[in-house]
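Engineer: Sequence:
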Amino acid sequence: MVGLFALLAGGLLALVFYVVFARATVIVMSKPESVEVEFIVDVAKQAAPDEIAGGVVTASESVEKASASVSLVSLDTPAEGRVNIVSSLARAQTLLATTRLATADNRLFRTRETVTVPAFGQVQVDIYAAEPGLDGAVGQASFVIPGLNDDTRRHFAVKTVAPVSGGKKEIKVVTAEAASVLESALKEELSRKLDTKLDAAAGAQGQFGGRLITLESNDRTVVPPIGSEAENFNLTLSARAVGVFYDQAQLLTAIRRELSAKLPAGRRLSEVLDAETAVALEKADLPSGRANLRVRAKGLSVLAPSAFSADKLTGITAEAAKRYLEKIDGVASASVTIRPFWASRLPSVARNIRVEIR
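Just so you know, we're using my numbering here: the sequence shown kicks off at 116 and counts up by one.
It is worth saying that the hints were derived from the structure and are not from the lab. Hints should not be assumed to be uniformly reliable.
As the list claims (entries may be wrong) - Mimicking DSBU-like on lysine-lysine, the simulated pairs with C-alpha atoms at most 35 Å apart in a straight line are:
id: 1; residue 1: Lys-146; residue 2: Lys-160
id: 2; residue 1: Lys-312; residue 2: Lys-160
id: 3; residue 1: Lys-146; residue 2: Lys-398
Unchecked claim - Just the calculated beta-carbon pair ranges, DEER-fashion:
id: 4; residue 1: Asp-400; residue 2: Ser-177; range: 21 to 31 Å
id: 5; residue 1: Asn-199; residue 2: Pro-340; range: 36 to 46 Å
id: 6; residue 1: Ser-295; residue 2: Gln-322; range: 30 to 40 Å
id: 7; residue 1: Glu-148; residue 2: Trp-457; range: 31 to 41 Å
id: 8; residue 1: Asp-389; residue 2: Glu-331; range: 47 to 57 Å
id: 9; residue 1: Leu-187; residue 2: Leu-330; range: 29 to 39 Å
Glycine included, each C-beta is placed from N, C-alpha and C at the ideal position.
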């Protein structure tokens, strides 16, 4: 009888010990889900609760530099020479400027000026090829005058006194490539000067941490213009920039608030992806020192503690709890640890079950 009583007492004591001291830790690995948001936030010197503190300043600057980095360009040009025109005609013959001369193989040339060939006399005149290129460089050659009628033409003999040469030359030209190289170097200088001016204009506002610089105008002048023949050129860059200085911590708070507002019930924001955050100037009002910023942000969400109820895990086995949890949408995996080690079921009291979401 005493033995039975002792056995019952021991069992009761074990039950009380289990109820009082049994504990379980449930670790839930949540599947991360992305969330995106785009919104406008106002920046103001005297920020309202839904605005962020900051201000707006502007600055203008120009930089100029000369460059001798022009390019050699090969151009086709009309070949040139000089001819002597001999006449056996009994009267003078006037040949107007651009009178055609032709070689035996029909390469055309023209006279540079008007000349009059005396009767039974001769005259010299400069000529040039009708088409640019090396094909016109005929050297020493004889010509006929196609514009004269046959009876008159036979009285004229035309031969070179200075070889017809040329057809191609190299010139120094301002190219778009040379201007672009110089522009790239000047952009860095212009940016540094604008930054210095904007920081000086911002004053104490520059301590906010957030800084957005936007070019409102950006002009480039090349003198002489691209394509001109020149030994060197000047390039001038001019720009006007608007700087918005804002409280970075307040902006991050606004981003977290907007991202959280887009989450469905049962999920919480776990991380803001800084690399995916973009801030652009929507509008600036310099007199009032206010600006509107367009913000695009991304983040990751995980299951919130409210997605689970420990009441549904009480008194069941660890394996049953694991199966139940892994069927919930958004759960990647789950693990259950029960104390004391010999217990096979989770505590029957919900407050003794700790759920940790990762």
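Engineer: Next step is simple, just say for each hint if it's right about the structure.
Structural biologist: Hints versus structure:
no. : hint                          : in the structure
1   : Lys-146 x Lys-160             : violated (41 Å)
2   : Lys-312 x Lys-160             : holds (20 Å)
3   : Lys-146 x Lys-398             : violated (39 Å)
4   : Asp-400 x Ser-177: 21 to 31 Å : holds (25 Å)
5   : Asn-199 x Pro-340: 36 to 46 Å : holds (42 Å)
6   : Ser-295 x Gln-322: 30 to 40 Å : holds (37 Å)
7   : Glu-148 x Trp-457: 31 to 41 Å : holds (39 Å)
8   : Asp-389 x Glu-331: 47 to 57 Å : violated (27 Å)
9   : Leu-187 x Leu-330: 29 to 39 Å : holds (35 Å)
When held up to the earlier numbered hints, the structure conflicts with 1, 3, 8 and fits the remainder.
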